[in-house]
Every structure is written in C-alpha cells, then in structure tokens.
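S.K.: In case you want the letters, here they are:
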Amino acid sequence: MMIRMARAATTADAFNAVAEPRRRQILDALAGGERPVNDLVARLGLAQPQVSKHLRVLREVGLVEVREEGRQRMYRLNGQPLKPIHDWVKDYERSWSQRFDRLDVVLEELKEKEDGEGGSDE
Amino acid sequence: MAVTSSGTAVVTLPADDQIFIKRKFAAPKHIVYKALTTPELVKRWWSSDYGEMTVADIDLKVGGKWRYVMVTKDSREVAFHGEYREIVPNERVVSTEAYEGVPDADANAAVNTVTLTEADGVTTMTVLVQCPSKDVRDVIINSGMEVGMQKAYDYLEKVAVSLI
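Residue numbers (the working numbering), protein chains in the order written: chain A, 1 to 122; chain B, 1 to 164.
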C-alpha cells in the first residue's frame, strides 16, 4: 500500500551493516584513523575470527577498505555508502525550508501591520 | 530585501519513529502562532511551492478538527486532517495528522508537537513528528529504509567528514 523507493542492493546492505552494534564499534574505531586488525581485536575485546567476520561484511558493502602494509592488513573507513540516507534527509529538510521561507514573508507582513497599528513601543 | 530569513530548517531523526524539525524566525512568537493557526495565513505558506491550498479549516480547540487540502501543479488533490489534542496559545500545539491518500489514514496518523520559544524577538519553532511506526516515519521521509536507518543516521554524524 505504501510507495517505496527502489534502491541499490549495496546501499541497503550498508544500512544493514551499520545496524549491528559490533560493526558500529569497528567503524567508530576507524573513524579515528586507519588501524591494523590486531588493534581492532584489542579494542573490541573480541576473538580475531569474530572481528574478521565483521570486517568482511563491512568490506563487502564498501564501508571499510583494506590495504597491505608489510605483514599487516590496515583497515580504513569509507562513509560514501551512507550518503544516500544523508541526501534523503537533506531533501526533506529542503522542502521544509521552502515552506518556511514562505512563512517568513507572512511573518514580516504581520510584524509591519502590528507596528503600523501603533501596538509597538517604539 | 524586506524579509529576514533566520536560517534553514534543520531536520533530525531522534528515534526510529520520530522526525524533528527546527527553525528560527525573525518574529515574536505570538506572530508566528498567528501565522500557524489562522486559515487565511496558513493558505499562504503551508503548501510551499507544491501547489495551491484550497482548504484550510482550523477549529482551534482541544478536540477540534483541522483539514488542509492542496491542489498540486498537476491537478492532484492532496489532503490532510487531524484533531487538536493540546493547545497553549503562542507556545504549544499538539495535534494528530492523517494523510488522506492512504487506507486507514487515521490509524496511521502521526502526532505533531509544535513548540514556540522566543528570545530577543526571535522565535525558535520545533516540530516533533511522532509516527505510529518506523515504517510510517520512513514513508514520510520518503526513504524506504527497512533496517538500520536510525543507526545509519546516527552514524553519519561521525563519518560526515568522509562524505565530502
């Protein structure tokens, strides 16, 4: 019954990916900068296979990227897959802003009218 | 330039089933209240650029009904109605809002709480839209997120820097 906008599967997955608390912890840690997997394991207090599993999900949806540095795998954050949600909220915000711009015009007139009626202290 | 705009509307999603809108206006709150609750004035701003308002019925009392109808540029009629639940003149209006374009409009109605606070002649208006469910909220926002939208939104704050 309700109209839903179609969207790319990868985008949906990115939203699902951040819905999981452990994965958000990982993203939080990576928001502070690039980190090796050992560092994430220590921070989260989880077993390495656990962390690797979450990192794999995050990589699949493009929220984290990885590179090799010597024997280390370095992980870093990429917020781009979450941009659609940001844009949707911004669209909604724009429609309210348009409405309120019109309200500004009405308010300005009411203020002038009130001043003109001698109700002002000036 | 006669009109002073005090900024743009800021929209946030405080919970899965809520939308929060905030905006400052360069006018005292009794004037903002008047513009929000007087049919002839509502007709001038509420429909924004989407169309002309043909109906703005406001029975401003607790239990009183309101109904707004707008005709869009492509001649579609879009109608909303609701009931006032709480009224504090110049400060606060709580009302339901049902979109007549869906089945069970009243069962899917949102509850809107509008507050006005004034400081130095500037009024801050907030609108909290409490939806009956996350699904309804998502339809209003027009996003269609099934899972994790709220978390994603919260998370955006942290990753905003990498979105640019």
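To be clear, the hints were calculated from the coordinates, so they are not data collected in a lab.
Hints are supplied without guarantee of correctness; some may be wrong.
[Stated by the list, open to error] Straight-line distance between alpha carbons at most 27 Å, and here's what the computed DSS-like set of lysine-lysine pairs gives:
hint, chain 1, residue 1, chain 2, residue 2
1, A, K90, B, K73
2, B, K34, B, K65
3, B, K34, A, K111
4, B, K61, B, K73
5, B, K34, B, K24
6, A, K83, B, K61
7, B, K43, B, K22
8, B, K34, B, K61
9, A, K90, B, K24
10, B, K73, A, K113
11, A, K83, B, K43
12, A, K83, B, K22
13, A, K90, A, K53
14, B, K65, A, K83
15, B, K34, B, K134
16, B, K61, B, K24
17, B, K61, B, K22
18, A, K90, B, K61
19, B, K134, A, K90
20, A, K53, B, K73
21, A, K111, B, K73
22, A, K113, B, K134
23, B, K43, A, K90
24, B, K61, B, K43
25, B, K134, A, K111
26, B, K43, B, K65
27, B, K43, B, K73
28, B, K134, B, K22
29, B, K22, B, K65
30, B, K22, B, K34
[As the list claims (entries may be wrong)] Per label pair, the in silico range of CB-to-CB distance:
hint, chain 1, residue 1, chain 2, residue 2, range
31, B, P89, A, R56, 26 to 32 Å
32, B, D104, A, S52, 43 to 49 Å
33, B, A107, A, S52, 23 to 29 Å
34, A, R22, B, P132, 26 to 32 Å
[Said to hold, decoys possible] Among the chain A residues that face chain B by a calculated CB cut under 7 Å, a handful are:
hint, residue
35, L55
36, R56
37, V57
38, M74
39, Y92
40, W96
Note that the structure is a prediction, hence the values are computed from the model and not measured.
Backbone N, C-alpha and C define an ideal beta-carbon position, used for all residues, glycine too.
S.K.: Would you mind marking each hint as holding or not holding in the structure?
M.R.: Structure-based check of all given hints:
1. Among the hinted pairs, K90 (chain A) with K73 (chain B) is consistent with the structure: their alpha-carbon atoms are about 23 Å apart, no more than 27 Å.
2. For the proposed pair K34 (chain B) and K65 (chain B), the alpha carbon gap of about 17 Å is at most 27 Å, so the pair holds.
3. About 11 Å separates the Cα atoms of K34 (chain B) and K111 (chain A), which keeps this hinted pair within 27 Å; it holds.
4. Among the hinted pairs, K61 (chain B) with K73 (chain B) is inconsistent with the structure: their alpha-carbon atoms are about 32 Å apart, more than 27 Å.
5. Of the supplied pair hints, the one linking K34 (chain B) and K24 (chain B) holds, its CA atoms being roughly 16 Å apart against a limit of 27 Å.
6. The hinted pair formed by K83 (chain A) and K61 (chain B) fails the criterion: a straight-line CA distance of about 43 Å is larger than 27 Å.
7. The suggested pairing of K43 (chain B) with K22 (chain B) holds, with an alpha-carbon distance near 21 Å, which does not exceed 27 Å.
8. Distance hint between K34 (chain B) and K61 (chain B) is fulfilled; the C-alpha atoms sit about 14 Å from each other, no more than 27 Å.
9. Between K90 (chain A) and K24 (chain B) the CA atoms are separated by roughly 18 Å; this keeps the pair inside 27 Å, and the hint holds.
10. Restraint check for K73 (chain B) and K113 (chain A): the C-alpha separation of about 31 Å exceeds 27 Å, so the hint is violated.
11. A distance of roughly 35 Å separates the Cα atoms of K83 (chain A) and K43 (chain B); the hinted pair therefore is violated under the 27 Å criterion.
12. For the hint linking K83 (chain A) to K22 (chain B), the alpha-carbon distance of about 22 Å falls within 27 Å, and the restraint holds.
13. With a C-alpha separation of about 33 Å, the suggested pairing of K90 (chain A) with K53 (chain A) is violated against the 27 Å cut-off.
14. Distance check on the hinted pair: K65 (chain B) and K83 (chain A) sit about 39 Å apart at the alpha-carbon level, beyond 27 Å; violated.
15. Distance hint between K34 (chain B) and K134 (chain B) is unfulfilled; the C-alpha atoms sit about 32 Å from each other, more than 27 Å.
16. For the hint linking K61 (chain B) to K24 (chain B), the alpha-carbon distance of about 26 Å falls within 27 Å, and the restraint holds.
17. Of the pairs offered as hints, the one joining K61 (chain B) and K22 (chain B) holds, with about 24 Å between alpha carbons and a cut-off of 27 Å not exceeded.
18. Between K90 (chain A) and K61 (chain B) the alpha-carbon distance is near 34 Å, which puts this suggested pair outside the 27 Å criterion.
19. About 19 Å separates the Cα atoms of K134 (chain B) and K90 (chain A), which keeps this hinted pair within 27 Å; it holds.
20. The straight-line distance between the Cα atoms of K53 (chain A) and K73 (chain B) is roughly 51 Å, outside the 27 Å bound, and the hint therefore fails.
21. For the given pair, K111 (chain A) sits about 31 Å from K73 (chain B) by alpha-carbon distance, which is inconsistent with the 27 Å threshold.
22. A distance of roughly 43 Å separates the Cα atoms of K113 (chain A) and K134 (chain B); the hinted pair therefore is violated under the 27 Å criterion.
23. Distance hint between K43 (chain B) and K90 (chain A) is fulfilled; the C-alpha atoms sit about 25 Å from each other, no more than 27 Å.
24. Of the pairs offered as hints, the one joining K61 (chain B) and K43 (chain B) holds, with about 19 Å between alpha carbons and a cut-off of 27 Å not exceeded.
25. With a CA separation close to 39 Å, the supplied pair K134 (chain B) and K111 (chain A) exceeds the 27 Å bound.
26. For the suggested pair K43 (chain B) and K65 (chain B), the alpha carbons sit about 17 Å apart, so the restraint of at most 27 Å is met.
27. Among the hinted pairs, K43 (chain B) with K73 (chain B) is consistent with the structure: their alpha-carbon atoms are about 15 Å apart, no more than 27 Å.
28. With a C-alpha separation of about 20 Å, the suggested pair K134 (chain B) and K22 (chain B) falls inside the 27 Å cut-off, and the hint holds.
29. At most 27 Å may separate the alpha-carbon atoms for a hinted pair to count; K22 (chain B) and K65 (chain B) meet this at roughly 25 Å.
30. For the hint linking K22 (chain B) to K34 (chain B), the alpha-carbon distance of about 18 Å falls within 27 Å, and the restraint holds.
31. Range check, P89 (chain B) to R56 (chain A): Cβ separation about 58 Å, and the 26 to 32 Å hint is violated.
32. As the Cβ distance of D104 (chain B) to S52 (chain A) is approximately 47 Å, the hint placing it in 43 to 49 Å holds.
33. A107 (chain B) and S52 (chain A) have their C-beta atoms about 46 Å apart, which leaves the hinted 23 to 29 Å range violated.
34. For the hinted restraint 26 to 32 Å between R22 (chain A) and P132 (chain B), the CB-CB distance of approximately 31 Å keeps it satisfied.
35. Look at L55 (chain A): its Cβ only gets to about 16 Å from chain B, farther than 7 Å, so that hint breaks.
36. Annotation: R56 (chain A) was flagged as interfacial toward chain B, and the flag is violated, the nearest CB pair being 18 Å apart, outside 7 Å.
37. Checking V57 (chain A) against chain B: minimum C-beta separation of about 12 Å lies over 7 Å; hint violated.
38. Because the beta carbon of M74 (chain A) sits about 16 Å from the nearest beta carbon in chain B, more than 7 Å, this interface hint is broken.
39. Among the interface hints, the one on Y92 (chain A) holds; its C-beta lies about 5 Å from the nearest C-beta in chain B, closer than the 7 Å criterion.
40. Here the hint on W96 (chain A) is kept, as its CB sits about 4 Å from the closest CB of chain B, short of 7 Å.
In summary, the structure is inconsistent with hints 4, 6, 10, 11, 13, 14, 15, 18, 20, 21, 22, 25, 31, 33, 35, 36, 37, 38 from the numbered list given earlier, while agreeing with the others.
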